[in-house]
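Residue numbers (this note's numbering), protein chains in the order written: chain A, 56 to 364; chain B, 49 to 372.
One or more of the hints may lead you astray.
As the list claims (entries may be wrong) - With beta-carbon atoms standing in for the labels, derived distance ranges:
#, chain 1, residue 1, chain 2, residue 2, range
1, A, Glu332, B, Val60, 43 to 53 Å
2, B, Arg234, A, Ser83, 51 to 61 Å
3, A, Gly127, B, Thr295, 44 to 54 Å
Stated by the list, open to error - If you want a taste of the chain B side facing chain A, the calculated C-beta under 7 Å gives, among others:
#, residue
4, Asp243
5, Asn245
6, Val247
7, Gly257
8, Val259
9, Thr261
10, Pro279
11, Leu293
12, Gly297
13, Val298
By construction, these hints were calculated from the structure, which means they are not laboratory data. From the three backbone atoms N, C-alpha and C, an ideal C-beta is built for every residue, glycine too.
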Amino acid sequence: MAGVHADAWEATPDRIVAVFDPDRDRSSKLASDYGALVADDFESLVGMVDVVDICTPTHTHASYITAAADAGVDIVCEKPLARTASEAHEAVAACEAAGVRLLVGHVVRFFPEYAAARDAVMAGDIGAVGVVRLDRSTYLPAGASSWFSDRSKSGGVVLDLMIHDVDYARWVAGEVERVYARSAGGGDHVLATLSHTNGAISHIQGSWAYPRGSFRAVFEISGSDGLIQRHAAVQFEASVETSDDVSDVPQPPSSSTESPYVSEIRHFSSVLHGDEEPRVTADDGARAVAVCDGIAESLMTNRAVEVGP
Amino acid sequence: MTRVGIVGLAHVHAAGYAAILADLDDVEFVGVSEPRVELRSGWTTGEVFDDLDALIRARVDAVIVCTQTNEHLAAVTQLAGAGIDVLCEKPLSTTVEDAREIVEVCDRAGVKLMTAFPMRFSPPLIEGAQWIAEERAGQVLAFTGTNNGRIPTDHAAWFADPVAAGGGAVMDHVVHLVDIMRWWLRSEPVEVYADTNRVFHPDAAVETGGVVTVTFDGGVIATIDCSWSRPDNYPIWGGLTIETLGTEGVFATDPFAERLEMWSKGTTEWLDWGHDPNRSMIEHFVGAVRGEHPLAVTGIDGLRATEVALAAYRSASAGQPVEV
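Whenever a hint applies, use it, and build me the whole structure from the sequences.
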């Protein structure tokens, strides 16, 4: 994700001045691509910048956020905000205490089809939201990014993939009070029901168990006065040929518009320059993690779980 | 000739069934019985009897039950007592006790009892059953199902009556997908979780939205969106879809995909042009009545599906999963 973000920052007035990664080969490569310096450690990195963009594995997010906040640096953090809700709340509190911005990369809010549907909902075009169906089905990330498949680090398909739609469900249907979920395929295929405080129900399918090379992200929002559907562009067959050029990390279908990652980073840049209010707050980031914690607990206990703040 | 009648005009399917029965070469369509005058007005297919006794006296071999759901038991009991085979609309009844009684009364009388699950006769779903039997996608892990429609009160108000229908969207739409999944998997639902709401048509006396999670014996998980979430101006009544995830692949099934999209005089419509599963279902029933083959769908299938729908209500009120 660091490369995607770095490319996107090129579309802003801001410049990447320094890169840190525990793997020095990786940081050197990225730094040279963008004419940046290589920092020896995180502390020296935050001493060289106004904003740090955290694209590390999920389980390390909270400690980097806290360290950056302590150094008084604004923060962009790839989703999920943290590995657990309690870590997320601590990170948000650290940023509030330090008076720094914390912007969370819930990029789905910048996908034009998702944003357009949300705009229509907010305009009242479909009345009160009744049932939201969200589906994000793809294959298990592999290769160099294999930390994704280490659930203790990534939180698995729930925290890494499903969280996109958890955040979107909150964006269109409001707070979630209760969740229930079941999984199959060794935990890589999850079906979750979210009960929103306003009575709306969200059904989310999040899957890393789909055929290698496939990526489907579709949705339907039905309301008291109408219906919005985003259909799949790709039809699945009973099996697909695997191919060697399949990306290790699944990539969502692209559209003809500007990359949503560029839109996201441009927005973040604008927010950091004081020109826009954030589309995703730090609290949104923490609450999405809290809902995912609830889903994970439901999967373990096979009970419906009340979601904390 | 097999002599077949219909009891009840309350159900929206009665007219379609009557047209099929009147059209089948080896069937004598005897007529319908319906005590409610308002339901009989405008009815033109076959003879109309004031009550079920009169229809039975007209000598029928078999009857399709199209009363409102809470009247199924009385009609089936009367038919079974007269030794008449029964094809009963779904859901079998509004309570587990009544549904079980429907099965038992037919067993005791030795009459055939079929539940009206037309999706069993839908070619894409039959192909799905074959694909699962052949393990085309490996071992099944999960189903994602939808059976969404407009609120059916345009057809008959009782569909949204808690007494007559026993509930709303859950009663109306959960049973079809549960039956398909039981048929495909050859295993039984063991646990159900449901959340329901009344956002669509908030004036209704029953739930209009619902998402139900079903866990099968053997561990397959499934969700069923049963919501009456299609708007009034949706191009068709609704639809049913099921996606199957297996260890080796995934396939999606839409039994209503055979349709034209038509824009005409300010409206959008979808015109079905494919196979009519209702016709195959009735042909199968009539063949079974004649002893040509055993029933592919029985009263037990109707009972099992009804149990899941009723478990969904228990779960929705408990806020937790419940055993079936």
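Status of the hints after comparison with the structure:
A C-beta distance of roughly 51 Å is found between Glu332 of chain A and Val60 of chain B, which places it inside the suggested range of 43 to 53 Å. Range check, Arg234 of chain B to Ser83 of chain A: about 58 Å between beta-carbon atoms, so the 51 to 61 Å window is met. In this structure the supplied range 44 to 54 Å holds for Gly127 of chain A paired with Thr295 of chain B, their Cβ-Cβ distance being about 51 Å. With a cut of 7 Å, the hint placing Asp243 of chain B at the interface with chain A holds, because the nearest CB-to-CB distance is about 5 Å.
For Asn245 of chain B, the shortest C-beta to C-beta distance to chain A is roughly 5 Å, which falls under 7 Å, so the interface hint holds. With its C-beta approaching chain A no nearer than about 3 Å, Val247 of chain B sits inside the 7 Å limit, and its interface hint holds. A least Cβ separation of about 5 Å between Gly257 of chain B and chain A falls short of the 7 Å threshold, and the interface hint therefore holds. Checking Val259 of chain B against chain A: minimum C-beta separation of about 5 Å stays under 7 Å; hint holds.
The interface hint given for Thr261 of chain B holds, since its Cβ lies 6 Å from the closest Cβ of chain A, which is under the 7 Å cut-off. Among the interface hints, the one on Pro279 of chain B holds; its C-beta lies about 5 Å from the nearest C-beta in chain A, closer than the 7 Å criterion. The criterion of a C-beta within 7 Å of any C-beta in chain A is met by Leu293 of chain B, whose closest approach is roughly 6 Å, and the hint holds. The interface hint given for Gly297 of chain B holds, since its Cβ lies 4 Å from the closest Cβ of chain A, which is under the 7 Å cut-off.
The beta carbon of Val298 of chain B comes within 5 Å of a beta carbon in chain A, closer than 7 Å, and the hint placing it at the interface holds.
This entry satisfies every hint, going by the numbered hints stated previously.
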